[in-house]
Amino acid sequence: MEEARKQYEQTGRASRVYKDFFYKTVKSWSKGRRVVGKVEYLEKGPNPRFVVTSLKSEEKDARSLYEQEYCARGEMENRIKEQQLHLFADRTSTETMRANQLRLWFSSVAYVLLNELRRIGLCSTEFSQAQCSTIRTKLLKIGAQVKVSVRRIAVCLSSAYPYKEVFQRAFQNIRKAYPMLC
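Using the UniProt record's numbering, read the sequence shown as starting at 1 and increasing by one per residue.
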């Protein structure tokens, strides 16, 4: 922690220091275990975090274990939570298992489609890292006028739509990635 504080004072920017060590509790652990500590020194002060692991230091150094394994796991949990909360994957309260399974499939397909929209259509836009709920609310749940003719279908958005440029950019990115569909 002292090393992170010194780095912060020298640079004026947030600093991180990683360290691993062995630790054993007095009663509850039968043996010592490897602990990876990350100390981040920020403007608000120190921010320590610790991860207990069974991986040996020869397999993964402290920094890569924390950033690549532990943080990636947290990001995966965020994606699961996003599907549950914003795409209603937790709505499995019908009487039959079949109906609950169908609801979960719909939610999963919706997540895959929104993720691809985010990855391909919304890359290089302000929504490239947006959550599914933000994409749904700001880009998909909008009023439009649909005009159908013999040769084409036209979707007319309001000229006052605040995300018109993002919507157009997403459409152009999708057309570029999948030219056969458009």
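Be aware that a few hints might be false.
[Unchecked claim] Quick list of simulated restraints, FRET-style, between CB atoms:
(1) 100 / 13: 46 to 56 angstroms
(2) 1 / 73: 35 to 45 angstroms
(3) 136 / 67: 44 to 54 angstroms
(4) 100 / 71: 44 to 54 angstroms
(5) 9 / 32: 25 to 35 angstroms
[What the hints assert, rightly or not] Straight-line C-alpha distance at most 20 angstroms; calculated EDC-like pairs for lysine to aspartate or glutamate:
(6) 19 / 67
(7) 176 / 95
(8) 81 / 43
(9) 27 / 69
(10) 81 / 95
In case anyone wonders, no lab produced these hints; they're calculated from the structure.
Remember, it's a predicted structure, so these values are computed and weren't measured experimentally.
All residues carry an ideal CB built from backbone N, CA and C; glycine is no exception.
The hints, checked one at a time:
no., hint, verdict
1, 100 / 13: 46 to 56 angstroms, "49 angstroms, holds"
2, 1 / 73: 35 to 45 angstroms, "24 angstroms, violated"
3, 136 / 67: 44 to 54 angstroms, "30 angstroms, violated"
4, 100 / 71: 44 to 54 angstroms, "32 angstroms, violated"
5, 9 / 32: 25 to 35 angstroms, "34 angstroms, holds"
6, 19 / 67, "13 angstroms, holds"
7, 176 / 95, "44 angstroms, violated"
8, 81 / 43, "30 angstroms, violated"
9, 27 / 69, "28 angstroms, violated"
10, 81 / 95, "24 angstroms, violated"
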